[in-house]
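> What follows is each chain in one-letter form.
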Amino acid sequence: MPTPKPQKKNPFEKKKQSLFSKEVLIAIVLVVCTYFILACTFGVFGKIIANGAPVLAQYGTHFLTRSPETLVVTEVAEGENFVLPEDAFEVVELYNPKVEFKNTREGQTDEKTERFKIPAGVHAIPDGWVAELESANKGLYINWKSRNPDVDLVVEVAEDTVLTFDSANWEKFRTPIRDNMRVKRTELFNVKETTHTLVVKAGKTRLSKGVIGALDPTDLIYIIQSVLTDDDAASKLFDVEIPNQQTITVNDNIFNTVIGEGEGKLPTISASTDVLITDRSRVTIAAGHYLVPLTSYFDLKDANPGIQFSVRQGKREGVVMGEFPEDATLELPEALYADFIRENPALPVEHIETLSTPTTTITFDLGEPTDLSMPNTERNQLAIFNPSLKVEKEQSFSYSGGGVKGPLIGTALLVTLCIVVALFIGVSASVYLNEYSGKGKFLKTVRLAMLNLAGVPSIIFGLFGLMLFVIAAPRVTSTPAVNDKFKIPLFPSLSEPSMRKMEAEQILAVDSNTSTADAVIKAKTIGRAKFYKGWTFLSFEGWGTSLLAGGLTLAVMVLPVIITACEESLRAVPMGFREASLALGASKWQSIRTAVLPYAFPGILTASVLGITRVAGETAPIMFTAAVAAKSNSPFEITGEPGIVNATENFFLQSLQALPYHIYTVAGRIPQSEFTEPMQYGATLLFLIVVMGLAGLSVWLRIRARKKLKW
Amino acid sequence: MTTETESLQPQIGTNERPALDQEKSMIEIDDLSFSYDHGKTDTLKNITLKIPGNQVTAFIGPSGCGKSTLLRCLNRMNDLVETSKITNGSISILGEDIYGPRVDAIQLRKHVGMVFQKYNPFPKSIYDNVSYGLRIGGEKNKKRLDEAVERSLRSAALWDEVKDRLQSSALGLSGGQQQRLCIARTIAVQPKIILMDEPCSALDPIATAKVEELITELADEFTIVIVTHSMSQASRVSDNTAFYYLGELIEFDRTQNLFSNPSKKQTEDYITGRFG
Numbered sequence: 001m002p003t004p005k006p007q008k009k010n011p012f013e014k015k016k017q018s019l020f021s022k023e024v025l026i027a028i029v030l031v032v033c034t035y036f037i038l039a040c041t042f043g044v045f046g047k048i049i050a051n052g053a054p055v056l057a058q059y060g061t062h063f064l065t066r067s068p069e070t071l072v073v074t075e076v077a078e079g080e081n082f083v084l085p086e087d088a089f090e091v092v093e094l095y096n097p098k099v100e101f102k103n104t105r106e107g108q109t110d111e112k113t114e115r116f117k118i119p120a121g122v123h124a125i126p127d128g129w130v131a132e133l134e135s136a137n138k139g140l141y142i143n144w145k146s147r148n149p150d151v152d153l154v155v156e157v158a159e160d161t162v163l164t165f166d167s168a169n170w171e172k173f174r175t176p177i178r179d180n181m182r183v184k185r186t187e188l189f190n191v192k193e194t195t196h197t198l199v200v201k202a203g204k205t206r207l208s209k210g211v212i213g214a215l216d217p218t219d220l221i222y223i224i225q226s227v228l229t230d231d232d233a234a235s236k237l238f239d240v241e242i243p244n245q246q247t248i249t250v251n252d253n254i255f256n257t258v259i260g261e262g263e264g265k266l267p268t269i270s271a272s273t274d275v276l277i278t279d280r281s282r283v284t285i286a287a288g289h290y291l292v293p294l295t296s297y298f299d300l301k302d303a304n305p306g307i308q309f310s311v312r313q314g315k316r317e318g319v320v321m322g323e324f325p326e327d328a329t330l331e332l333p334e335a336l337y338a339d340f341i342r343e344n345p346a347l348p349v350e351h352i353e354t355l356s357t358p359t360t361t362i363t364f365d366l367g368e369p370t371d372l373s374m375p376n377t378e379r380n381q382l383a384i385f386n387p388s389l390k391v392e393k394e395q396s397f398s399y400s401g402g403g404v405k406g407p408l409i410g411t412a413l414l415v416t417l418c419i420v421v422a423l424f425i426g427v428s429a430s431v432y433l434n435e436y437s438g439k440g441k442f443l444k445t446v447r448l449a450m451l452n453l454a455g456v457p458s459i460i461f462g463l464f465g466l467m468l469f470v471i472a473a474p475r476v477t478s479t480p481a482v483n484d485k486f487k488i489p490l491f492p493s494l495s496e497p498s499m500r501k502m503e504a505e506q507i508l509a510v511d512s513n514t515s516t517a518d519a520v521i522k523a524k525t526i527g528r529a530k531f532y533k534g535w536t537f538l539s540f541e542g543w544g545t546s547l548l549a550g551g552l553t554l555a556v557m558v559l560p561v562i563i564t565a566c567e568e569s570l571r572a573v574p575m576g577f578r579e580a581s582l583a584l585g586a587s588k589w590q591s592i593r594t595a596v597l598p599y600a601f602p603g604i605l606t607a608s609v610l611g612i613t614r615v616a617g618e619t620a621p622i623m624f625t626a627a628v629a630a631k632s633n634s635p636f637e638i639t640g641e642p643g644i645v646n647a648t649e650n651f652f653l654q655s656l657q658a659l660p661y662h663i664y665t666v667a668g669r670i671p672q673s674e675f676t677e678p679m680q681y682g683a684t685l686l687f688l689i690v691v692m693g694l695a696g697l698s699v700w701l702r703i704r705a706r707k708k709l710k711w
Numbered sequence: 001m002t003t004e005t006e007s008l009q010p011q012i013g014t015n016e017r018p019a020l021d022q023e024k025s026m027i028e029i030d031d032l033s034f035s036y037d038h039g040k041t042d043t044l045k046n047i048t049l050k051i052p053g054n055q056v057t058a059f060i061g062p063s064g065c066g067k068s069t070l071l072r073c074l075n076r077m078n079d080l081v082e083t084s085k086i087t088n089g090s091i092s093i094l095g096e097d098i099y100g101p102r103v104d105a106i107q108l109r110k111h112v113g114m115v116f117q118k119y120n121p122f123p124k125s126i127y128d129n130v131s132y133g134l135r136i137g138g139e140k141n142k143k144r145l146d147e148a149v150e151r152s153l154r155s156a157a158l159w160d161e162v163k164d165r166l167q168s169s170a171l172g173l174s175g176g177q178q179q180r181l182c183i184a185r186t187i188a189v190q191p192k193i194i195l196m197d198e199p200c201s202a203l204d205p206i207a208t209a210k211v212e213e214l215i216t217e218l219a220d221e222f223t224i225v226i227v228t229h230s231m232s233q234a235s236r237v238s239d240n241t242a243f244y245y246l247g248e249l250i251e252f253d254r255t256q257n258l259f260s261n262p263s264k265k266q267t268e269d270y271i272t273g274r275f276g
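Here the protein sequences come in this chain order: F and G. According to my numbering, numbering within the first sequence proceeds without interruption in unit steps and concludes at 711. According to my numbering, numbering within the second sequence proceeds without interruption in unit steps and concludes at 276.
Keep in mind the hints are simulated off the structure, nothing from the lab. All of these numbers come straight from a predicted model, not from anything done at the bench. Be a bit skeptical, because a hint or two may be false.
Residues from chain F shown here face chain G by an in silico Cβ test under 10 Å; the list is partial [to be verified]:
hint, residue
1, Ala120
2, Pro345
3, Ala346
4, Ala580
5, Ala583
6, Gln590
Once the Cα atoms are required to be at most 25 Å apart in a straight line, the calculated PhoX-like pairs of lysine-lysine come out as [unchecked claim]:
hint, chain 1, residue 1, chain 2, residue 2
7, G, Lys110, F, Lys707
8, F, Lys588, G, Lys140
9, G, Lys118, F, Lys588
10, F, Lys265, F, Lys209
11, G, Lys45, G, Lys85
12, G, Lys45, G, Lys264
13, G, Lys192, F, Lys588
14, G, Lys85, F, Lys439
15, F, Lys524, F, Lys236
16, G, Lys85, F, Lys588
17, G, Lys40, F, Lys439
18, G, Lys85, G, Lys265
19, F, Lys405, F, Lys631
20, F, Lys524, F, Lys265
21, F, Lys204, F, Lys236
22, F, Lys145, F, Lys405
23, F, Lys588, G, Lys124
24, F, Lys707, G, Lys118
25, G, Lys140, F, Lys441
26, F, Lys14, F, Lys47
27, G, Lys140, G, Lys192
28, F, Lys588, G, Lys265
29, F, Lys145, F, Lys201
30, F, Lys405, F, Lys47
31, F, Lys441, G, Lys40
32, F, Lys98, F, Lys47
33, G, Lys50, G, Lys110
Quick partial rundown of chain G residues pointing at chain F, CB under 10 Å, derived from the structure [what the hints assert, rightly or not]:
hint, residue
34, Leu80
35, Thr83
36, Arg109
Backbone N, C-alpha and C fix where the C-beta goes; we use that ideal spot for every residue, glycine too.
With the sequences and hints as input, model every part of the structure.
Here's what the structure looks like:
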C-alpha cells in the first residue's frame, strides 16, 4: 500500500485564470491595438499597391515621360482604314488593351516641312503668326518694334468692283498692298460728317454699362470702382470716378449713346457740334486678293452695303512690326506654310527647300463600335489623320490622361529650392546659436519660437506664404504692378520694356513728368496691370504663384526640423576639436569651417533628407503659393525674351505642377469615374515610392556616416 | 622602455642652473586674479609667477586648485567661457601683456600652443592633422607643408612609426601615438610655448613614458608648461614646479628643491600624500 504522501503545498501553484480576468482583458486590448496598427498599414499600402501597381505596369514609361492631359473617351463607329502615326497608335494600344485592332498594317506618310528665309529688317507680321513661327523654330524670339491693333484682313475681290471709301482710308487701304492693287478708275466726292466736343465734369457719378462700353474708344480717363462682367445688363449702373475735367471728341454714334436724360449718362458741362467734310473716293479695282486693315474693312463695308466680300481672317489679332536683326532661316510645316504665304502677301519670304520626314503610320480596322480612350494629343492626331471620323459619343476627363512628368519635375524643383534655402538658413542659424551666441534669454526665446513653428499646421504656412511671398514680397522692377503694397524708387531705368512685354504684361508707358500717383490712376483706369515710368522700383507686389514663393514657404516650414537636427549634429562634435583648432591659431570661423562643420555634415545631410521627405509630401503650403493643376510646357522651357536675367526671373517666377497637388486634383477636384482611377492610384503609388526612396536614402546616409566617422 | 625613463633621472639636479628668480623669464604672471563668474568669486587669487624660457615647468596641486585654469589663461583659451574675467593683475609673454588691447588672441595662440588632456586628433589623415595649423595660417605650398610635417613628426618622435601611412586616418593610431600626433600638430606651427594640460592622464604607462621623454627633449626648443596630477611625473620631467592650493600659488621652486625640501607645510603635506 503506498502510503499517502503528505500533501505538500506547492508555493508556485498555477492559479486558474478566468477569460475575463483583468490581466487577460488588458493583454487582449494591448494586442488588438498593436494589430490595429499593422492592419492599417496593410490596408493603406495594400490598397495603393493593389490598385497602383497594375497601372504602373500597364503604362510603364509613358507614365513618367508625359505630363497630365485630358483623357478623352471616344465612341468610334466601326469602320476600316483608321490611320494613326506609329507612336500615337502605340499610345492608343497602351490605353485600350482590351480593344481588338483588326488588320493592322504599316504605311508611310511624309511630313513635309518648308524652309524659308526672311531677310533682315522690320516686317509686319500678324501676332498669331509670330506665335506659330516661334513655336516651330526653337530659340526664335521676334522683338516687336510696334503693334497695330488693327486686324489686317485678306479680302478677296472676285471681279472688278466699284468701291467707295474715305480718302484717308483709301490711303491705308492701298499702302500695304503695294503693286498688286490694280486700280482702274478713281473719282472724288465729298460727304458731311458730324462730330461733338464734350467737356466732361469731374467727380463721382454712376454710368451704365452701355455708356462705359461706348466710352471705351474715347480718350476719357475715369476709374470704375468695380469689375465689369460679360453677363451684366447694358443698363446696370456702376460707380465711376472722373478724376478731373476733360474734353473729348466723339462721333455721332457715341454722342447719342453717352448723352441724354436719366441715370447712367455722362455728366457734361458743355457740348458743341462740328460738321466735318470728308473726301470720298470711288474706285474701281481689279479682281484679286487684297490686304485690308480691319477698321478700313468696316468702313468699306459700311460705305458699300451692296457688295459681298470674301474674307479670310487667319491668325490675326493685330499686326506687329517684328524685328529681324539678321536674315532668318525658318521652318514651318507644309500646311501652315501655305497659309502663312497666303495670309502675308506683303512679307518678302524666300522659299529655300522642302524637307520631308517620312513617318510610319499604322492603319487599322475596327469591327464594331468601340470606346477608345486616349490622351488629348492622340485624340487630335486621330482627328487630323482621319478627317471623316465618325464619333458616336465622347467624354473627357481632366488631368486623367498622360503621365506625371510635369508634377514630378515640379516637386523636384520645389524640394531642391526649399532644401537649398532651408539648409543655408538652418545651418547658419544653428551655427550661430550653437557656436556664437551666449546661453541667455535670447537663445531660449529662439528655441521656443522654433518649437512653436514646428507645431504650426502646414495650411497656416500656406497662408503665410500667400501673404508674404505671393502678395507682398519685394521685386526689383521698372514696371510695378498697380496693386502693389508700396514701392520705393531706386534709380532711373535705362531702357523701356520691349513693346512685346508691354503688350503681354499689359504695361502702360507714361512719360517721366507724370507723377506716380497719376500713373497709377491712369493704369487702373484703362485696366492695365502695370505701368512703366522710366524708374526702377523696389515694388512690394509679391512673386505670384511661383516656384520661388512655394520653395521659400516650404523652406520656412522645414526650418525647425533642419535647425534642430543641425544643432544636434553640431553638439555631437567633440569640444576637443574646437579647442584643438583654436589652440593652433585658428580664428573662430576657421575653426568652425575646418574642425566642426565637416564632422557635423553627415548628421546635417541625414536631417535634410528627412526634411526633403517631409516637404515633398506637403500639399497645403504649395496650393496657394506654387502649384497649378495644368501647365502645358515643361518648367525648363522658358519662354519670353532671351537673356540670362530674364530667363532666371521667368524660371523662378513660374508656377508649377507638383505631385501631391496633382494627386489632390485627380482625387478630390474632378468628378470620379472608372476612367480617372488609373491616374489616381498610379500617381499615389509613384509618390509613395519616391518618398520611401528618399527615406531609404536618409537611412543609408546615416548608416554610412556612422561607419565613416568615429571619435 | 623603463630604461629610457630611468635615463631621464640623472638630468634633474645635475644641470648647473642659476637660482630660479635669477633666470630670464618667458612668462610673467603678475598678481593675477581670475573669475569664471563675472568676478563674483575668484578662481585664481593673486598669483605672481615668473616662468623661465626653454625649461619645463610643472603645475601641481589637488583637483580644483586652479592649475588648469591658469594654464588656459596663458593662451587665452578661457576667452571661450563667456562669463570669465580677469579681475586683477596681468600676464605678459615676451614682455607683452597678452590681455592688452594690442593683442589678438588668434595670433597669441599661434605662439602659445596647447596639448589637451584627452588626445583629440581630427578625424582626418595624419598628414592633414599635422599640417592643419599651417594650412589655416594660409600656407599652401605643398613642399613646405611636406617639410613641416616631417620635421614636426620627427620632433614628436613619431616619424618612424607613421611615415608609411601619412594619408591614413589619425584615429587608427594608438592612444600614445595620437597624443604625440597632437604634440606634433602643435609644434608644426612653431610656437614659443607649449602648454600641456595633463597630457598623459589618458595614457597607459608605456605611452606615458614615451610622451615624457618627448617633453624633456622638446624643452631644448620650447618653453613647456605642464599641468599634471602625478607628482612622480612632475619630478621626472620638469625643471621647475609650482604648487597651487585653492586658487593660490603656494610654492614655486626648482623641482628638486620643492620635492626634497618644501618650504611650506601645505606643500609638504601634499607631496607626502597627506591630502589631495
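> For the pair we were handed, lysine 45 of chain G and lysine 85 of chain G, check the Cα-Cα distance against 25 Å.
holds, 13 Å
> So if I understand the rule, the pair passes when the alpha-carbon distance is 25 Å or less; does lysine 405 of chain F with lysine 631 of chain F pass?
Status holds; Cα separation ~11 Å.
> Does the structure keep lysine 405 of chain F and lysine 47 of chain F at a Cα separation of 25 Å or less?
Roughly 23 Å between the alpha carbons, so the hint for lysine 405 of chain F and lysine 47 of chain F holds.
> Is lysine 140 of chain G within 25 Å of lysine 441 of chain F, Cα to Cα?
This hinted pair is violated, its Cα atoms lying about 43 Å apart.
> Are the Cα positions of lysine 140 of chain G and lysine 192 of chain G separated by 25 Å at most?
Answer holds: lysine 140 of chain G to lysine 192 of chain G is near 23 Å, not above 25 Å.
> Tell me if the straight-line CA distance from lysine 145 of chain F to lysine 201 of chain F falls inside 25 Å.
violated, 37 Å
> For the restraint on alanine 346 of chain F, tell me whether the closest CB of chain G is nearer than 10 Å.
violated, 68 Å
> Going straight from one Cα to the other, do lysine 45 of chain G and lysine 264 of chain G come out at no more than 25 Å?
holds, 18 Å
> For the pair we were handed, lysine 145 of chain F and lysine 405 of chain F, check the Cα-Cα distance against 25 Å.
Outside the cut-off at roughly 38 Å; violated.
> Between lysine 204 of chain F and lysine 236 of chain F, is the straight-line Cα distance small enough, at 25 Å or below?
Status holds; Cα separation ~16 Å.
> Holds or violated: lysine 118 of chain G with lysine 588 of chain F, Cα cutoff 25 Å?
Given pair lysine 118 of chain G, lysine 588 of chain F holds - Cα atoms ~21 Å apart, limit 25 Å.
> Check whether the Cα positions of lysine 85 of chain G and lysine 439 of chain F lie no farther apart than 25 Å.
holds, 17 Å
When held up to the earlier numbered hints, the structure conflicts with 1, 2, 3, 7, 18, 22, 25, 26, 28 and 29 and fits the remainder.
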